[in-house]
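2 protein chains.
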Amino acid sequence: MDIKAYLESRCKIVDAALHKYLPGGKAYPRVIHEAMRYSVFAGGKRVRPILAIMTAETLGYKAERVLPAACSLELIHTYSLIHDDLPCMDDDDFRRGKPTNHKVFGEAVAVLTGDALLTFAFELITRNAAAKGVKPAGVIEALRLIAAASGTGGMVGGQVVDMISEKKEPSLPVLQYIHTHKTGALILAPIMAAAELCAAGAKEKKALRIYGENLGLIFQIVDDILNVTGVEKKLGKSVGSDAARKKVTYPALYGIEESRRKVRELRERAGKAAGHFGRKAALLNALADYVIERES
Amino acid sequence: MDIKAYLESRCKIVDAALHKYLPGGKAYPRVIHEAMRYSVFAGGKRVRPILAIMTAETLGYKAERVLPAACSLELIHTYSLIHDDLPCMDDDDFRRGKPTNHKVFGEAVAVLTGDALLTFAFELITRNAAAKGVKPAGVIEALRLIAAASGTGGMVGGQVVDMISEKKEPSLPVLQYIHTHKTGALILAPIMAAAELCAAGAKEKKALRIYGENLGLIFQIVDDILNVTGVEKKLGKSVGSDAARKKVTYPALYGIEESRRKVRELRERAGKAAGHFGRKAALLNALADYVIERES
Numbered sequence: 015m016d017i018k019a020y021l022e023s024r025c026k027i028v029d030a031a032l033h034k035y036l037p038g039g040k041a042y043p044r045v046i047h048e049a050m051r052y053s054v055f056a057g058g059k060r061v062r063p064i065l066a067i068m069t070a071e072t073l074g075y076k077a078e079r080v081l082p083a084a085c086s087l088e089l090i091h092t093y094s095l096i097h098d099d100l101p102c103m104d105d106d107d108f109r110r111g112k113p114t115n116h117k118v119f120g121e122a123v124a125v126l127t128g129d130a131l132l133t134f135a136f137e138l139i140t141r142n143a144a145a146k147g148v149k150p151a152g153v154i155e156a157l158r159l160i161a162a163a164s165g166t167g168g169m170v171g172g173q174v175v176d177m178i179s180e181k182k183e184p185s186l187p188v189l190q191y192i193h194t195h196k197t198g199a200l201i202l203a204p205i206m207a208a209a210e211l212c213a214a215g216a217k218e219k220k221a222l223r224i225y226g227e228n229l230g231l232i233f234q235i236v237d238d239i240l241n242v243t244g245v246e247k248k249l250g251k252s253v254g255s256d257a258a259r260k261k262v263t264y265p266a267l268y269g270i271e272e273s274r275r276k277v278r279e280l281r282e283r284a285g286k287a288a289g290h291f292g293r294k295a296a297l298l299n300a301l302a303d304y305v306i307e308r309e310s
Numbered sequence: 015m016d017i018k019a020y021l022e023s024r025c026k027i028v029d030a031a032l033h034k035y036l037p038g039g040k041a042y043p044r045v046i047h048e049a050m051r052y053s054v055f056a057g058g059k060r061v062r063p064i065l066a067i068m069t070a071e072t073l074g075y076k077a078e079r080v081l082p083a084a085c086s087l088e089l090i091h092t093y094s095l096i097h098d099d100l101p102c103m104d105d106d107d108f109r110r111g112k113p114t115n116h117k118v119f120g121e122a123v124a125v126l127t128g129d130a131l132l133t134f135a136f137e138l139i140t141r142n143a144a145a146k147g148v149k150p151a152g153v154i155e156a157l158r159l160i161a162a163a164s165g166t167g168g169m170v171g172g173q174v175v176d177m178i179s180e181k182k183e184p185s186l187p188v189l190q191y192i193h194t195h196k197t198g199a200l201i202l203a204p205i206m207a208a209a210e211l212c213a214a215g216a217k218e219k220k221a222l223r224i225y226g227e228n229l230g231l232i233f234q235i236v237d238d239i240l241n242v243t244g245v246e247k248k249l250g251k252s253v254g255s256d257a258a259r260k261k262v263t264y265p266a267l268y269g270i271e272e273s274r275r276k277v278r279e280l281r282e283r284a285g286k287a288a289g290h291f292g293r294k295a296a297l298l299n300a301l302a303d304y305v306i307e308r309e310s
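As given, the protein sequences belong to chains A and B, one line each in that order.
Residues in the first sequence are numbered from 15 upward in steps of one, following our numbering.
Residues in the second sequence are numbered from 15 upward in steps of one, following our numbering.
Calculated from the structure, these hints are not laboratory results.
For clarity, every value in this text was computed on a predicted model and none was experimentally measured.
No residue lacks a Cβ here, since even glycine has one placed at the ideal position from N, Cα and C.
Hints should not be assumed to be uniformly reliable.
[Said to hold, decoys possible] Pairwise CB distance ranges, derived in the manner of DEER restraints:
| hint | chain 1 | residue 1 | chain 2 | residue 2 | range |
| --- | --- | --- | --- | --- | --- |
| 1 | B | 19 | A | 55 | 46 to 56 Å |
| 2 | A | 219 | B | 185 | 39 to 49 Å |
| 3 | B | 113 | A | 108 | 29 to 39 Å |
| 4 | B | 186 | A | 120 | 22 to 32 Å |
| 5 | A | 120 | B | 55 | 24 to 34 Å |
| 6 | B | 216 | A | 55 | 22 to 32 Å |
| 7 | A | 117 | B | 113 | 25 to 35 Å |
| 8 | B | 42 | A | 40 | 39 to 49 Å |
| 9 | B | 110 | A | 180 | 27 to 37 Å |
Kindly produce the complete structure, drawing on both the sequences and the hints.
The structure is reproduced here in structure tokens:
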């Protein structure tokens, strides 16, 4: 299993689809469509759409079956980064080594760009109803899952708790809440949305949920470890920026070694759940390993 | 037809539904749920949800048939006001006579509150699938219409053009674009979404679309006239604030008298379209008259 080649190939499918789905950069009113494309094509790794595609493939379907919903997750992820970077939020000037949306287009346009991407994400999911074999009820449930994962019971909730905890002593329950909501929810959502669009059975859904929950935690803890140990150039953001802001992170609370041990434990749980799919588990396992071994 | 009593009674249905649908104000993380409820229950007249209910009733159904989708429109309207009021946008301290969301909760929470309301709006629409007689495909089409009306081809597009036109000389095409997109789209959307949820026929949809398009224009021009002539207390915002900002408005371009004539012309067209529903047109006509005669 050459996971790097796999990710590159699926990334191309996602990029081509995003180009096709998004309104043209010259469409009126031009500034907002330019700004949307600027951030969507600013070098994202398409992790969330690829998770949806990977799930569809594990269940025996092709990418096309879940492509609009898969891409909607990238739009939601992008909107959240644009709003996070705003001066009134994290006040970041750079993201993935490029000036943030508000630095290029101004704050007002950046707010509206986030709003527009979030809105368009949901419009895009409805197009999944046209995919062969997908039932309307499956689209509705996928959309509901994605919305719930993005709102105050998911990503926005995690963002709020992260914000109000910044200058306080970190506690484990708060840390776990932030991880499972701010990052984990949008790692789990593409997997479960794809499961709905592929009409997965109850046992398949249960295995995918356990896999996805553990993968989400791995993702966040590895991210926090990289923030402490990573090379600035590779990450495209300042190393140690979490510590400087006194953000609640796993390494800050337990140190690097214990954080790495925790990652191994979560990886084992994810692998056990993936085992449900027998030989088809290879993709799920390879991706989990890749997330752990990545350097940026 | 006692339109005031009708509006009051439907407003109560909408308020009760919003209270039921929205997460509790004490639900964790508390600040975001408090902030959502603060702005949703800040005295809105529930025009958009009532338009959806009115459409359902004109088509022979009860409010329950369209209630989640109807309420979603109020959440989208509220999110747009919260983001519009931000310091980087219109920088307004008061809205409907109350301090704006960011004045009470701070800018970061206000951005996230808007995001959360927009996200929850789409989650809420999916609940309409549980309403008796509603088909999943109808819910998907209603959601698609609402998303399209809220994005860069609708409300956000209108907002962008309004923003970039502020310090320029107003032109009629620009003015019409702003009116039909910034306000009109979210007046038309509840009507057309309700038509989908009630499985209206092609001729009914066509009549409702013409009615809704004209009502949207009436709504915006009357709003602009009130901004020039209205009483500050009744409007809950500063009279003449559009002129102070050099906003493109109908009265600024054509004067009050010509604006009033235009409203009468639009009213006639709306009435002609409503005529399709025979005796059932009473509600549509009474509402159009009410919008024209309102003082705030």
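Status of the hints after comparison with the structure:
no.: 1; hint: 19/B / 55/A: 46 to 56 Å; in the structure: holds (54 Å)
no.: 2; hint: 219/A / 185/B: 39 to 49 Å; in the structure: violated (55 Å)
no.: 3; hint: 113/B / 108/A: 29 to 39 Å; in the structure: holds (34 Å)
no.: 4; hint: 186/B / 120/A: 22 to 32 Å; in the structure: holds (27 Å)
no.: 5; hint: 120/A / 55/B: 24 to 34 Å; in the structure: holds (32 Å)
no.: 6; hint: 216/B / 55/A: 22 to 32 Å; in the structure: violated (39 Å)
no.: 7; hint: 117/A / 113/B: 25 to 35 Å; in the structure: holds (30 Å)
no.: 8; hint: 42/B / 40/A: 39 to 49 Å; in the structure: holds (45 Å)
no.: 9; hint: 110/B / 180/A: 27 to 37 Å; in the structure: holds (32 Å)
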